[in-house]
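Visitor: One letter stands for each residue in the lines below.
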Amino acid sequence: MNLNLKAKKNNSYDAIVVGTGISGGWAAKELTENGLNTLVLERGRNVRHIEDYPTMLKKPWELPYNDRVTQEEAQHYQKQMRTGYTIRQSTKHWWIRDTDQPYEEIKRFDWIRGYHVGGRSIMWGRQSYRLAPMDFEANAKEGIAVDWPIRYEDIAPWYSHVEKFAGISGQALGLPQLPDSEFLPPWELNCVEEHLKESLDANFGRVLTIGRTANMTRSHQGRGSCMSRNLCMRGCPYGAYFSSNASTLPAAEATGNMTLRPNSIVDSIIYDEDLGKATGVRVIDAETLETFEFYSNVIFLNASCMNTTLIMLNSISDRFPNGLGNDSGELGHNVMDHHFRVGANGEFDGYEDRYYWGRRPTGFYIPRFRNLDRNDRSYLRGFGYQGGASRQDWRHAVRELAIGEPLKELVQTPGKWTLGMTAFGEMLPDHSNRVYLDHNKKDKWGQPTLVFDVEFKENEFKMREDMKNDAAEMLEAAGFKNITTFDDPGGPGLGIHEMGTARMGRDPRTSVLNKWNQVHACKNVFVTDGAAMTSAACQNPSLTYMAFAARSAHYAAEEMKKGNL
Amino acid sequence: MGGVVFAPTMLGVLKGCSPSTGRWRPELFTASQAALVTALSDTIIPATDTKGAADVGVPGFIESMVKDVYSEEQRTSFLDGLERFDEKCREQTGSAFASLDAGAQTEFANTENRLAIENEAEEGPQFFLVFKELTMVGYFRTEEGATRVLRYEDIPGIYQGCIPFEDVGRTWSHNH
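Chains as they are written, first to last, in my numbering: chain A, 1 to 565; chain B, 1001 to 1176.
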């Protein structure tokens, strides 16, 4: 008995954060900076900033197979490779092996994951956009799913809060559908992008702006400015883009209040029927398979959308027979991603005496222009474009009549300017899009596996017509030649923006979380990753997860001080 | 890799030496396939005031890609393409490609290049263009190809979106 009490005392913290990615890092930073003794659990291995980025300085000639993986290696990454860009010699160590981490697909779902300290904050696309007032109002206005329990004004100060620390570069525009962030100076557009921007303004009254990205154009918060190498996904020796490893976790560490425990798979949340709240988590050591219990006053779930959902579904008690906080039956439902890979490419004649210096870590962005003031299309919501222009490299000479010395001369002059853009469209929440547990099929740690039953629906497919045609029309109006369109949605998940499976809402009967991201019926459990999203908007979501995580962690710390948690 | 400027490597191949750098020991290719790959890649990118494909290990790179990265279907098709290329060469010139002199190699390769470009739309993927692109991939990822023929900056430092081409001078080896 005494031993048990001692063990419990040694394993007790003010707060536990599950996950170290974009949102977990923020929860850890805010909780520790508010004086809470915090245990941060990560299911994968430790990754120390700079020290554990093995390929960050590799030159092209130092990577075997031109950075591609062998057939033998590829067998382990069959689903992770569906993106076409994730599994390289220089980056393969950041992604899970599908042979170790199985899941079931009733319909194709591309679940792309990285399990290590920092999670996907190391490999993310860094595009950072605020959601707009209209995004928080759309569900209520249109009678879709449930209303967000907050409005833009509630989250706006927290956007500012995280942006000032993260370092977001961009151009302020004052657009209602894409509120400005606290910006570092923007990256430059190149000549052809500038040309398209002028044409869009003149011909359509539409806006093109430089991508808003968490790549810093000057030193900021003790981290170095970007050197335009564009090798971000390998980890940055300058800390010049936002990641948990470079930014939030060092800040949490510096408080002296963080205990980071890698290789710790959270099996479930411990719910105390008498106290009517959660008291801790059950953990499996990924290396030794030993099991532990850790205890705390509050628990933050930031395991990423699907794994947070898995943990909640796997947390069964008399009070919650269908998963922690699942009174509504909505846990695991309303899966969303963004749908993309639809747009157009074109060639541009001219600017042949112009070129660029450096490798810019972002492209351009065309903010949403459909269904803004009124809904005048055959679908709801809208989309934005991401794209870029560049001059053709040596590959333009493959199909030229040149061999030998003439070929070597020909490649020294770059080819034509080409420009491509893909739209990112909003996916509506739909109850029938869901994940659930398969208790019969366990992974190698004995955990139940997830089953995905998710598909794009009519609204998405109708929207894709505009996404394709608008792109071609804009290129045509700007004088591009040889315009081609493309439309290949792939599976949901390919945007790597999974969200919605533990949505926020006003009513406990129809949602899982309240306006502070607390589980309605278990208030000391917070979910501040993608699972919390009530709708998807069309903007890249990570910045919003940061803002929610910081806001909720601050609230939790305040409530604990008041004795309410 | 290699010395300063290598003479065409054909001689070494004819003597039965391991081609190019002397370190490549073909594992997938037969001796005659290795000789053809060496000769053809070095015809496509010969030594000039910069090194050629064979001098910087492109033949070995090609084999490693075909052996380890290609799917079985791609591999079979590539090896088949090599055989048919040499067969055609023997039919038309009376000699294996690797045994032709440099002028004849360039002439034959130029013809094959032109035919492949002309026929691709109708016939689909052409072996010659697959080989040409793989040679170029292999060459422009080397330090010689990336930094001396093209331009490479390991740490550009800044980004400028619209500058005179002369300020860069040559095509970037890596666009993104």
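Don't read these hints as lab results, they were simulated from the structure. This structure is a prediction, so every number in the text was calculated from the model and none was measured. A hint or two may mislead.
Said to hold, decoys possible - Beta-carbon label-pair distances, calculated as ranges: (1) Asn-1175/B - Asn-46/A: 33 to 43 Å; (2) Val-1168/B - Gly-256/A: 14 to 24 Å; (3) Glu-465/A - Val-1168/B: 34 to 44 Å; (4) Arg-1114/B - Thr-484/A: 57 to 67 Å; (5) Glu-1087/B - Glu-51/A: 48 to 58 Å; (6) Lys-462/A - Arg-1114/B: 21 to 31 Å; (7) Lys-416/A - Glu-1087/B: 30 to 40 Å; (8) Glu-1087/B - Asp-201/A: 36 to 46 Å; (9) Lys-457/A - Glu-1087/B: 47 to 57 Å.
Said to hold, decoys possible - Listed below are the simulated PhoX-like cross-link pairs for lysine-lysine, each with C-alpha atoms no more than 25 Å apart in a straight line: (10) Lys-1088/B - Lys-92/A; (11) Lys-8/A - Lys-523/A; (12) Lys-59/A - Lys-1067/B; (13) Lys-197/A - Lys-442/A; (14) Lys-468/A - Lys-523/A; (15) Lys-58/A - Lys-1088/B; (16) Lys-197/A - Lys-444/A; (17) Lys-481/A - Lys-92/A; (18) Lys-442/A - Lys-107/A.
Where is the CB? At the ideal position from N, CA and C, for every residue including glycine.
Visitor: Is it true that Asn-1175/B and Asn-46/A lie within 33 to 43 Å of each other by Cβ?
Guide: holds (35 Å)
Visitor: Could you tell me whether the CB distance from Glu-1087/B to Glu-51/A stays inside 48 to 58 Å?
Guide: Given about 55 Å between the Cβ atoms, the range holds.
Visitor: Check whether the Cα positions of Lys-197/A and Lys-444/A lie no farther apart than 25 Å.
Guide: With a Cα-Cα distance of about 52 Å, the restraint between Lys-197/A and Lys-444/A is violated, given a limit of 25 Å.
Visitor: Starting from the hint 36 to 46 Å, judge whether the C-beta atoms of Glu-1087/B and Asp-201/A obey it.
Guide: Because 59 Å falls outside the window, the suggested range is violated.
Visitor: Does Lys-92/A sit within 25 Å of Lys-1088/B, going by the straight-line distance between their CA atoms?
Guide: Not OK: Lys-1088/B and Lys-92/A at ~41 Å, beyond 25 Å, violated.
Visitor: Given a hinted range of 14 to 24 Å, is it respected by the beta-carbon distance of Val-1168/B and Gly-256/A?
Guide: Cβ of Val-1168/B to Cβ of Gly-256/A: about 49 Å, so the range 14 to 24 Å is violated.
Visitor: Hint says 47 to 57 Å; check whether the CB-CB distance for Lys-457/A and Glu-1087/B agrees.
Guide: holds (54 Å)
Visitor: Using the beta carbons of Glu-465/A and Val-1168/B, state whether their distance is inside 34 to 44 Å or not.
Guide: About 40 Å separates the Cβ atoms of Glu-465/A and Val-1168/B, which means 34 to 44 Å holds.
Visitor: Are the Cα atoms of Lys-481/A and Lys-92/A separated by 25 Å or less?
Guide: Violated, at roughly 37 Å.
Visitor: Taken at face value, is the distance from the CA of Lys-442/A to the CA of Lys-197/A at most 25 Å?
Guide: Since the Cα atoms of Lys-197/A and Lys-442/A sit roughly 52 Å apart, the hinted pair is violated (cutoff 25 Å).
Visitor: If you check the beta carbons of Arg-1114/B and Thr-484/A, does the distance land in 57 to 67 Å?
Guide: violated (25 Å)
Visitor: Between the alpha carbons of Lys-8/A and Lys-523/A, is the straight-line distance 25 Å or under?
Guide: Since the Cα atoms of Lys-8/A and Lys-523/A sit roughly 22 Å apart, the hinted pair holds (cutoff 25 Å).
Going down the numbered hints, you'll see the structure goes against 2, 4, 6, 8, 10, 13, 14, 15, 16 and 17, while the others check out.
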